[in-house]
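Listed below are the residues making up each chain.
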Amino acid sequence: MRFVPSRLPMQSVVEFDNVGLRYGTGAETLTDLSFTLFPGSFYFLTGASGAGKTSLLKLLYLAHRPSRGAIKMFGYDAITLPRDRLPGFRRRIGVVFQDFRLVQHLSTFDNIALPLRIAGIQEKDLQGPVTEMLAWIGLTERADARPATLSGGEQQRVAIARAVIGRPEMLVADEPTGNVDPDMALRLLQLFAALNKLGTTVVVATHDIHLLQEVDGAQMMRLDKGRLSDPTGSLKHPPRPLVLKN
Amino acid sequence: MLLDFALPTHDRKLIPEGRLSGQMPWVIAIMLFLTLLVAAAGLTLADAARKGGDDLAQQVTVQIIEADPARRATQRAAVAKAMRGLPGVVSVKPVTDSEVRNLLEPWLGTGVIDADIPVPALVDVRFGNLPTDAMLKQLQDQLRPIAPNTRLDSHSSWMAPFFQLMSALVLLAGAVFLLLLVATSAVVVLAVRSTLNTHRGTIEIMHMMGGTDLQAARLFQRRVALDALLGGVVGFGAAAAVILAIGGRFAAAEPGLLAAASFPWYGWAILAFIPLAVMGLAMLMARWTVISALKKML
Numbered sequence: 001m002r003f004v005p006s007r008l009p010m011q012s013v014v015e016f017d018n019v020g021l022r023y024g025t026g027a028e029t030l031t032d033l034s035f036t037l038f039p040g041s042f043y044f045l046t047g048a049s050g051a052g053k054t055s056l057l058k059l060l061y062l063a064h065r066p067s068r069g070a071i072k073m074f075g076y077d078a079i080t081l082p083r084d085r086l087p088g089f090r091r092r093i094g095v096v097f098q099d100f101r102l103v104q105h106l107s108t109f110d111n112i113a114l115p116l117r118i119a120g121i122q123e124k125d126l127q128g129p130v131t132e133m134l135a136w137i138g139l140t141e142r143a144d145a146r147p148a149t150l151s152g153g154e155q156q157r158v159a160i161a162r163a164v165i166g167r168p169e170m171l172v173a174d175e176p177t178g179n180v181d182p183d184m185a186l187r188l189l190q191l192f193a194a195l196n197k198l199g200t201t202v203v204v205a206t207h208d209i210h211l212l213q214e215v216d217g218a219q220m221m222r223l224d225k226g227r228l229s230d231p232t233g234s235l236k237h238p239p240r241p242l243v244l245k246n
Numbered sequence: 001m002l003l004d005f006a007l008p009t010h011d012r013k014l015i016p017e018g019r020l021s022g023q024m025p026w027v028i029a030i031m032l033f034l035t036l037l038v039a040a041a042g043l044t045l046a047d048a049a050r051k052g053g054d055d056l057a058q059q060v061t062v063q064i065i066e067a068d069p070a071r072r073a074t075q076r077a078a079v080a081k082a083m084r085g086l087p088g089v090v091s092v093k094p095v096t097d098s099e100v101r102n103l104l105e106p107w108l109g110t111g112v113i114d115a116d117i118p119v120p121a122l123v124d125v126r127f128g129n130l131p132t133d134a135m136l137k138q139l140q141d142q143l144r145p146i147a148p149n150t151r152l153d154s155h156s157s158w159m160a161p162f163f164q165l166m167s168a169l170v171l172l173a174g175a176v177f178l179l180l181l182v183a184t185s186a187v188v189v190l191a192v193r194s195t196l197n198t199h200r201g202t203i204e205i206m207h208m209m210g211g212t213d214l215q216a217a218r219l220f221q222r223r224v225a226l227d228a229l230l231g232g233v234v235g236f237g238a239a240a241a242v243i244l245a246i247g248g249r250f251a252a253a254e255p256g257l258l259a260a261a262s263f264p265w266y267g268w269a270i271l272a273f274i275p276l277a278v279m280g281l282a283m284l285m286a287r288w289t290v291i292s293a294l295k296k297m298l
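Each protein sequence line maps, in turn, to chains F and X. Quick note on numbering: the numbering used here labels position 20 of the first sequence as 20, and the sequence is numbered without any gaps. Quick note on numbering: the numbering used here labels position 205 of the second sequence as 205, and the sequence is numbered without any gaps.
A few of these clues could be false.
[Stated by the list, open to error] In silico PhoX-like cross-links for lysine-lysine, where the CA-CA straight-line distance does not exceed 25 Å:
id, chain 1, residue 1, chain 2, residue 2
1, X, Lys93, X, Lys81
2, X, Lys295, F, Lys72
3, F, Lys72, X, Lys296
4, F, Lys72, F, Lys225
5, F, Lys197, F, Lys72
6, X, Lys137, X, Lys81
Simulated from the structure, these hints should not be mistaken for lab results.
Required output: the full structure, derived from the provided sequences and hints.
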């Protein structure tokens, strides 16, 4: 099964304008990034190790502010946004970390429920969605298991479930299929695509070029030594309308 | 603050159920035990100084210096009679010769007083209010026709250095009390920082998912409150046992200044309030520590 991005009103989710990022006094990790991400679009972010993929994702999920340039997120200037307004924006973004970052003392269920609880969702209202998500990722039987007792692939599925449970407006995933078998990778991609159909902008950083072929119409952002290239030229164009291909 | 304490069960799980650290409640218990003892000592001294000061300051001893024992006795009776009629005088008690002898015997030995040393006759007078120097001088003038060689000793004047010492000790107790509160706060801050470092990963995850600083701070506040509550109960229990035991010793002591140094009833209310105040202080310190640390994150 292949997926293509959905059609949604064309208002940018993210706009980068000449953005640069440097850590401390070192050389710039990201240089002159200018691009726009549109709602309902699906982006793959590729590049060699050390190209700056994770740094770019950190800017996208508001873990860092850039050293220079301008970033607009959900229509707001993310550079000048007061710190106390950032949590509200972060709740609109789902993140799959490369190292999963599951809370080790919480069960699978509680890890997945974490974003909903942080958002103040009542306990009775989150039981259903979390249970459904557990079934989707095939971990219903492991609902009470702690992350340390889960395999790498299972942990990754929990991390993904946690990122998507709140139906974020933008999903940022760092190597989300790195530890799962091809079948599960495809299944997780289906989950991302399903979310994308609902209007979520998806950005997936990956080394797996085969994944790129699984989502038709997905756009590719390639980072090379901190600079962005646009081999498909699609970043300059709006996403195509939704077509589910079998 | 109370609402912050009452976190939903699922939120409490965000930081592992164990206390902030194993020793934390016990450290707070020890600090509170010391704090409560110092507070009790300060309250007792302050109360004793107040009661004893009022009591003694209102007392005057009239000394009648007369070598002839018969005339001395006559003058003592006359002075006592004259004093009873004066306004402001609450009680007049002539000190008998045998009482004077008992007072002096430890220093002068038995059987030597009447024979060798003429001792003054004494009359203890208690006023309803603190007598002023002018009143005492006027009194002395009034007594002169009755007993020419009369001297008035105001107890407040010879006890003044003692009560100055008591006041200094009360101030010292207050200072130590404050220092112990500062030390307790420092212990809480260190414990919270340590726990914050231990659970930095969890806090960062919450942060990245849109958790606010207050949400994280509430978790730590609750932990600290529980530790402080446990420490407070233990510290208060131990301090109360010590105060009751020592209070019993005071009560068994001879009447006088020591008897005045009893723990006042209102002291228990103050001591019971201190652990609650420390719990509130600990929660505030935890909140401040966590929010200060999180502010360094974007």
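Structure-based check of all given hints:
| no. | hint | in the structure |
| --- | --- | --- |
| 1 | X:Lys93 x X:Lys81 | 10 Å, holds |
| 2 | X:Lys295 x F:Lys72 | 22 Å, holds |
| 3 | F:Lys72 x X:Lys296 | 23 Å, holds |
| 4 | F:Lys72 x F:Lys225 | 23 Å, holds |
| 5 | F:Lys197 x F:Lys72 | 23 Å, holds |
| 6 | X:Lys137 x X:Lys81 | 19 Å, holds |
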